[in-house]
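For the protein sequence lines, the chains are C and A, in the order given. Just so we're aligned, residue 85 is where the first sequence starts under my numbering, counting upward by one. Just so we're aligned, residue 558 is where the second sequence starts under my numbering, counting upward by one.
If you're looking for bench data, these hints aren't it; they were derived computationally from the structure. Watch out, some of these pointers could steer you wrong.
[Unchecked claim] Label-pair restraints from in silico Cβ distances:
#: 1; chain 1: C; residue 1: G197; chain 2: A; residue 2: D755; range: 51 to 59 Å
#: 2; chain 1: A; residue 1: G761; chain 2: C; residue 2: A178; range: 47 to 55 Å
#: 3; chain 1: C; residue 1: S127; chain 2: A; residue 2: I639; range: 27 to 35 Å
#: 4; chain 1: A; residue 1: I639; chain 2: C; residue 2: W266; range: 21 to 29 Å
#: 5; chain 1: A; residue 1: F769; chain 2: C; residue 2: A178; range: 49 to 57 Å
#: 6; chain 1: A; residue 1: G761; chain 2: C; residue 2: S167; range: 48 to 56 Å
#: 7; chain 1: A; residue 1: R686; chain 2: C; residue 2: L216; range: 35 to 43 Å
#: 8; chain 1: A; residue 1: F769; chain 2: C; residue 2: S353; range: 39 to 47 Å
[Unchecked claim] Some chain C residues flagged as far from chain A (calculated, every beta-carbon gap over 10 Å):
#: 9; residue: P120
#: 10; residue: L125
#: 11; residue: L153
#: 12; residue: Y170
#: 13; residue: T247
#: 14; residue: P248
#: 15; residue: P268
#: 16; residue: Q278
#: 17; residue: F290
#: 18; residue: S298
#: 19; residue: G379
#: 20; residue: L381
#: 21; residue: G382
#: 22; residue: V385
[Unchecked claim] Per the computed footprint, the stretches of chain C lying under chain A, defined by three or more beta-carbons under 8 Å from a beta-carbon of chain A, are:
#: 23; region: 187-199
#: 24; region: 395-404
Virtual Cβ for every residue (Gly too), placed ideally from N, Cα, C.
Here is what each chain is made of, one letter per residue.
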Amino acid sequence: MSAETLEITGAAPAAGGTGRHGLTRYLVVRFLLIIPTVFILVSLVFFLMRATGDPVSAAFGDRLTPGQLQAKLHQAGYDRPLSVQYLDYLRSLAAGDFGHTVTDNQPVTHVLGVYGAATAELALNALVVALLAGVPLGVVAARYRDRAPDAVLRLFAVLTYATPVFFTGLLLKLVLAVRLGWLPASGRASTDVQLFLQDQSSTTGFYLLDALRSGDGTAVTDVLEHAVLPALTLGLLVAGVLLRLVRTNLIGTLSADYVDAARSRGVPSLRLVTRHAARPALIPVVTFLGLQVAGLLGGAVLTETTFEWKGLGYELAHYLTARDFPAVQGIVALFAVVVAVTNFLVDVVAALIDPRVRY
Amino acid sequence: MAGILARGPAPLPRRLRARLRTAGAVQRAMLLTGAGLTALFLLAALIGPLLAPYGYARLQDASGLFGAQQPPSGAHPLGTTIAGYDVLSRTLWGARTALEIILAALSLSVVPGTVLGLVSGYLGGRVDRTLVGLADALYAFPPLLLAVVMSIVISGGRSSLAGGLGAAACSVAVAFVPQYFRVVRAEVVRVKAEPYVDAARVIGTSTREIMFRHVLRNSVRTLPLIFTINASEAILTLAGLGFLGFGIEPNSAAEWGYDLNRSVADVTSGLWWTALPPGLAIVLTVLGTTLLGEGLTDLADPRLRRRGAAAVSGTPTDGGTRDG
């Protein structure tokens, strides 16, 4: 593995060449960095959210008398000093308790459990769309650079990026759902299918998985039909940027000296692209995909709102409007964990591909 | 490579013209389209309010109220919204808001991100590890979410123009400082292992000069692309904020995302004129800045230009070593 990488990148990591031992150490250090990452984010959200006041007054301030408000504040512990509340919050977070929502008094972990799967399903569908469309099209664009296919694909890529995700959603909805009536305009499934799926003995919360396990053909079709527009909307957003990135990096490595050398040795064109040019070109792509998770989650919030896809993003918008800050805090903390872990995995992959990344 | 870039660069316009001449037809078309759209956007932002038939918050004129959801007509070329605003006027006024958010977000993001990335990547060590951790943590925050939190902090979620712009600009900066940081740092880590940096060090060049002269110049190759992504992201974040209902109130300024939010119900009932103009305005603006940034990146990067182009242009400074 490492010998091969050296041959491809053509640069010996003279300073960092500590071998396997260096890699293990790097991975451990990188893994431990997840903890401060999550800590910083959670703290940031806590203090930002409290900068505007306490959650109870924010949610009920205009509906309760001062006396009732005071009682509620005391009951929830919001009349204690901020530092005490902060430590208390960190302690319960460490124990896996994300607090309770103020408006409907549910444990935040329950909200995460119910709606997390919906968001994960949407994000995975979108990622599948993005990878299936973005990577091959990027390779095609690089291969035919400056010719017609490249021009068309690049324009397509820029357009998908330039269009706000909710505008894409609105357009798809207007044309495919409202005007042509081919696909459902909103929701994760029809009402009866939804009830049927929730009735199953054990559910995963992933509708497609549940529908497949139930073995009911109409349920599967219904769930798939509902998934198409949201997945396309969110997936196209990522696919466009992915296409551009694959193209740029592949063109860069395709004109590198070692690729010239390989070409002059008579290495076949396909192998040249897949083995010699693609590997180093993939590092920024992999890094980018990791960074894109945050964007994907942000896009999910807007996509879910556009299509009434009842996931974390939809709930988040709902709780924000209700000024229910503990719920917001819990959902954001979960997002933070997901992104921190993804970034870790991305760095691991990048370190495996390119030894120069390690320090 | 080192000698080429360390030598004083030719004046930018001349270099650009030379490169434009040698660029491929596709590159030229994309760059010119981008420049054209961006010029159009700037024009709309600067003199759009003069061209707009009404003010952004006008609901009536001498002959009475405009009326809600009126189809396009002589008095209202693009119809009226569900609240009874003139669509064309609000779309034109929106360009000014978009320009304001771009300027605010860029000025808060570029310099801190680049300098931190350079110093951190070049010096390494504990500071570097801390900054990477911090950048990761901040990056983990979806900008949109941060924008919502910031808008609550700045103006209690009830948005004035300054509140909405401030929230979007701050959150875009928080998301983009780590991005500049990461990109510049990654390039710096790569570049500082290059032989010409070692060479500079061997001949006794000071660390500061190596960093800002040799390493920085070779590490900012991808930055024009990020500027434009940054600008686009500023517009998109503000629009997303508006779409979620946390944007700028209609009587403080015209904002495209807010107008799109109001048009969702119209779309469901099949009306096109309230959603398409603000949506297309966003698309064309972002399209313009993105094409412009991408075109400039292509021109500036010798690896991405057509082979042999440099030799034709006759300027050996433009990466002629590649073929020679």
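Right, here's what the structure says about each hint:
Hint check: C:G197 to A:D755, Cβ distance near 55 Å, so the stated range 51 to 59 Å holds. Separated by about 52 Å at the C-beta atoms, A:G761 and C:A178 satisfy the suggested range of 47 to 55 Å. Separation of C:S127 from A:I639 is about 42 Å and departs from the stated range, judged on CB atoms against 27 to 35 Å. A beta carbon spacing of about 26 Å between A:I639 and C:W266 agrees with the range 21 to 29 Å that was offered as a hint.
Checked against the hint of 49 to 57 Å, the pair A:F769 and C:A178 fails, with Cβ atoms roughly 43 Å apart. At about 52 Å, the beta-carbon gap between A:G761 and C:S167 stays in the expected band of 48 to 56 Å. One distance hint, 35 to 43 Å for the beta-carbon pair A:R686 and C:L216, holds here, with the actual separation near 37 Å. Here the CB-CB span from A:F769 to C:S353 is close to 42 Å, well matched to the stated 39 to 47 Å.
Under the 10 Å C-beta cut-off, the non-interface status given to C:P120 relative to chain A is violated; the minimum distance is some 5 Å. Chain A draws C:L125 into its interface by the beta-carbon criterion, the shortest separation being 5 Å against a cut-off of 10 Å. Here C:L153 stays apart from chain A, with its beta-carbon at least about 17 Å from theirs, past the 10 Å limit. With 10 Å as the threshold on Cβ separation, the claim that C:Y170 sits away from chain A holds: the shortest Cβ distance comes to roughly 17 Å.
For C:T247, the condition that its CB be more than 10 Å from all CB atoms of chain A is violated, with the nearest at approximately 5 Å. Its closest Cβ contact with chain A, about 5 Å, brings C:P248 to no more than 10 Å, contrary to its assignment away from the interface. Under the 10 Å C-beta cut-off, the non-interface status given to C:P268 relative to chain A holds; the minimum distance is some 12 Å. The claim that C:Q278 lies off the interface holds: its Cβ sits roughly 20 Å from the closest Cβ of chain A, which is beyond the 10 Å cut-off.
At roughly 22 Å, the least C-beta separation between C:F290 and chain A is larger than 10 Å, which holds for a residue marked as non-interface. For C:S298, the shortest C-beta to C-beta distance to chain A comes to about 31 Å, beyond the 10 Å cut-off, and the non-interface label holds. Residue placement check: C:G379 does not keep its beta carbon more than 10 Å from all beta carbons of chain A (closest about 7 Å). The Cβ of C:L381 sits about 5 Å from the closest Cβ of chain A, inside the 10 Å cut-off, so the non-interface label is violated.
For C:G382, the shortest C-beta to C-beta distance to chain A comes to about 3 Å, within the 10 Å cut-off, and the non-interface label is violated. The non-interface label for C:V385 is inconsistent with chain A: the shortest C-beta to C-beta separation is roughly 6 Å, within 10 Å. For the region 187-199 of chain C, the proposed coverage by chain A is not satisfied: 0 residues have a C-beta within less than 8 Å of a C-beta in that chain, short of the threshold of three. Taking a C-beta to C-beta cut-off of 8 Å, the region 395-404 of chain C contributes 3 residues in contact with chain A, enough for the three needed, and the coverage statement holds.
Comparing the model with each earlier hint shows violations of hints 3, 5, 9, 10, 13, 14, 19, 20, 21, 22, 23; every other hint is respected.
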